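Enquirer: With these hints in hand, go ahead and build the complete structure from the sequences.
With my numbering as the guide, the letters of the sequence shown map in order to residues 1 to 738.
Where hints are given, some of them may not hold.
Straight-line C-alpha distance at most 25 Å; calculated SDA-like pairs for lysine to any residue [to be verified]: (1) K111 / T199; (2) K3 / C695; (3) K643 / I669; (4) K670 / E2; (5) K372 / H485; (6) K643 / M1; (7) K494 / Y378; (8) K679 / A657; (9) K494 / H331; (10) K494 / D513; (11) K679 / D733; (12) K715 / E521; (13) K670 / G735; (14) K372 / I476; (15) K6 / T47; (16) K551 / A520; (17) K715 / R326; (18) K465 / M580; (19) K551 / G483; (20) K74 / A632; (21) K3 / F62; (22) K111 / G193; (23) K643 / P358; (24) K478 / P373; (25) K670 / Y136; (26) K478 / N655; (27) K670 / T640; (28) K494 / E370; (29) K643 / R51; (30) K465 / D584; (31) K494 / R539; (32) K372 / A383; (33) K494 / L351; (34) K670 / Y614; (35) K494 / R302.
Hints were generated in silico from the structure; no laboratory data involved. Keep in mind that this is a model prediction, so the values were computed, not measured.
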Amino acid sequence: MEKAEKTLRQAIIDKCLFMNTSGLNQGTSGNISVRFEDKMLISPSATPYDRLTPEMIASMPFDAEYGTWEGPLKPSTEWRFHFDILNTRTDMGAVVHAHPTYCTALAIARKPIPACHYMIAAFGGTDVRLAPYTRYGTPTLSDYAIAALEDRTACLLANHGSIAIGEDLDKAMWRAIELETIARQYYMTLSIGGPVLLTDAEIAETAQGFSSYGVQDDYKDITADTPQEIKPHKAKIWAMDEPYDLVVIGGGINGTGTARDAAGRGLRVLLAEKDDLAQGTSSRSGKYIHGGLRYLEYFEFRLVREALIEREVVLEAAPHLAWPLRLLLVHSPEQRPRWLIRLGLFLYDNLGGHKRIPNTESINLDQAPEGKPVQDAYRRAFAYYDVWVDDARLVVLNAVDAARRGAKVLTRTRVAHARRDGDFWRVTLQGPDSTYEVTARALFNAAGPWVEEMIGQVAGVNSSKRIRLVKGSHLIMKRWWEGEHGFVLQAPDKRIIFVNPYFDDLALVGTTDIPFQGRAEDVAIDADETTYLLNILNRYFHAELSEADIKSTYSGVRPLFDDDAAKDASVVTRDYTFEMDGGDNRAPLLSAFGGKLSTYRKLSEAAVDRLAPYFLNMGSSWTKDAPLPGGALPGTDFKTWFKTFQAQFVWLGPNLARHYAGCYGTDAIKMLDGANEIKDLGLHFGGLFYAREACWLIRNEWAQTAEDLLERRTKHALFMTQAEQKTVADWLDCGNVP
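Expert: Put into structure tokens, the structure is as follows:
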């Protein structure tokens with residue numbers, strides 16, 4: 001298969017996925033076809049889009065016997081009208097058929113779309129015709145569709161759906177989106193007396209103006225895989241006059257999770273983050289989805305149970321990004337008695353239920369190889385499991401999924417001011433270049449350490465709740481033990497310290513819990529924290545560890561809900577709560593206080609549920625069983641899938657293949673499309689970092705700076721010299737992104 005055809009086949013898959021995530025379609029009921037040389041390429045019948053590969057797209061030659069097809073899967077059951085339209089309309093190169101809500105509602109009501117909006121001219125006339133009803137897949141339906149499309153580029157199918165055609169696939173998809181937008185507007189006017197229609201002359205004048213109108217040719221600029229979407233402060237993003245349903249403030253885990261949930265329920269969502277995604281707390285965690293074993297001591301059973309259940313959810317949603325990690329809790333009798341630990345671990349095993357995570361077991365460190373690095377004073381341990389996850393990538397994948405479902409994600413864009421205007425919020429956004437105002441029906445404040453600032457200074461609202469800022473610091477060190485297990489150590493102050501394997505030969509040690517005052521942006525580890533963590537390590541391990549063994553550090557500020565000002569920072573609840581301001585014809589502001597990485601999805605789900613009374617047509621919760629981008633692996637089995645991936649890209653070598661697979665899952669295949677050898681990856685910056693990956697991150701994941709690329713989207717910075725990292729910054733400064 002030649003490269004051009006393979007690229008076009010992949011484009012069909014991408015647009016099929018886009019139809020579902022944008023709300024144009026659900027399931028596999030929509031279908032797409034494209035003209036390629038002397039044949040039609042068309043999506044296959046009844047195959048989930050996320051399982052398609054370019055080879056599965058069916059091919060139907062124009063010059064063969066009618067109905068002849070080639071491929072491993074049958075063409076869509078609607079192949080007839082696709083084939084006949086492309087055969088008849090030689091000026092067109094693609095057909096998009098879907099069942100979007102408003103187009104389909106009008107089709108069911110047998111209502112064509114009249115000249116209710118000047119954009120009706122984009123479809124070639126003064127209306128969008130309605131083809132009569134007949135059964136799907138029949139020759140008669142094909143005839144009806146062709147007649148309805150005569151001198152037009154879109155039509156409705158009675159009691160069925162819509163068809164949009166275009167000179168190429170991008171224009172066909174743009175028309176499909178525009179058709180659904182106009183259908184929605186027309187549908188809404190019918191409830192308030194009907195539209196005032198434009199005259200034929202007014203539509204003709206608009207059509208003449210389209211000769212210099214650029215939006216159709218610019219359709220690629222507003223899709224999710226282009227640089228313009230990565231820098232969404234461009235003027236065209238703001239040209240849409242319909243209010244947003246929800247503006248989310250904050251691009252951490254709670255903000256992106258909520259944007260994803262809301263977009264998937266059909267809300268029109270905008271997320272604004274003043275810096276980069278996950279730049280604050282959400283990239284500076286212990287990198288665990290865990291129940292919180294020590295929270296059982298404070299009787300926070302609901303929180304622990306919820307978090308334990310979420311371990312399994314994350315394993316299913318992102319098997320490339322998360323995996324069970326075996327932890328040895330070394331028993332220190334002077335901290336907690338064994339019976340208390342046994343009881344806690346029994347509850348840990350049984351509170352939330354688990355399918356993929358093994359039960360706790362007791363370990364004799366005299367006999368087990370894991371006991372070798374541990375000092376002789378500690379001879380008993382308990383082995384249990386929690387789930388390791390790349391926290392920053394979890395944030396980014398939630399944002400990517402939100403964008404694929406229609407949300408607008410704006411980084412480097414600050415919410416400067418918000419004011420109520422009746423049932424709406426007027427939100428002032430400061431982007432890198434300009435200041436803009438958008439309108440929203442609701443605000444969700446997920447600003448983390450800045451949540452109180454957003455309530456009082458930005459929105460001008462009083463709050464009865466408070467947060468407490470707590471600093472947590474981690475050390476990254478050379479690993480001093482063998483094996484892929486970690487350790488849990490009880491500190492003299494009864495805190496728990498995690499010592500985890502990190503990449504092939506590093507260890508991640510943390511965290512501290514210290515009250516913090518000051519700017520959250522300025523947080524950094526101090527000498528006392530370093531000494532505290534090293535002292536705990538040297539208390540338990542034979543190795544004599546010092547500051548010389550520290551490769552790097554990071555610190556974050558956790559915004560904990562202040563449930564009791566008298567509590568020590570280490571025992572303040574990690575649970576979350578909300579505060580709602582609004583109602584009675586006042587647009588709602590919902591603010592989130594507290595929470596943790598482990599329960600982000602439940603917090604997001606609960607937040608959107610709290611907003612449900614303001615959006616009566618909003619869909620129900622859906623994220624529990626939905627994979628994150630790259631995570632739709634067969635059987636959610638990463639190891640088996642990785643073997644297939646590695647065999648497909650054997651030229652990558654094991655280390656690079658593991659990096660791409662672990663970061664991007666199935667999206668790695670898209671990133672590597674067209675590459676057949678290492679030189680196809682472009683400029684090598686150092687370590688495992690090549691220009692192709694950098695371009696992918698810039699185009700698809702909002703990365704703009706070297707820090708975005710090397711520290712949050714990936715961890716390449718740990719394995720590159722300062723000179724190599726500067727090469728990345730210089731490459732960006734020179735505008736080398738193709």
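Enquirer: Among the hints numbered above, which are violated by the structure, and what are their numbers in rising order?
Expert: 25 and 34
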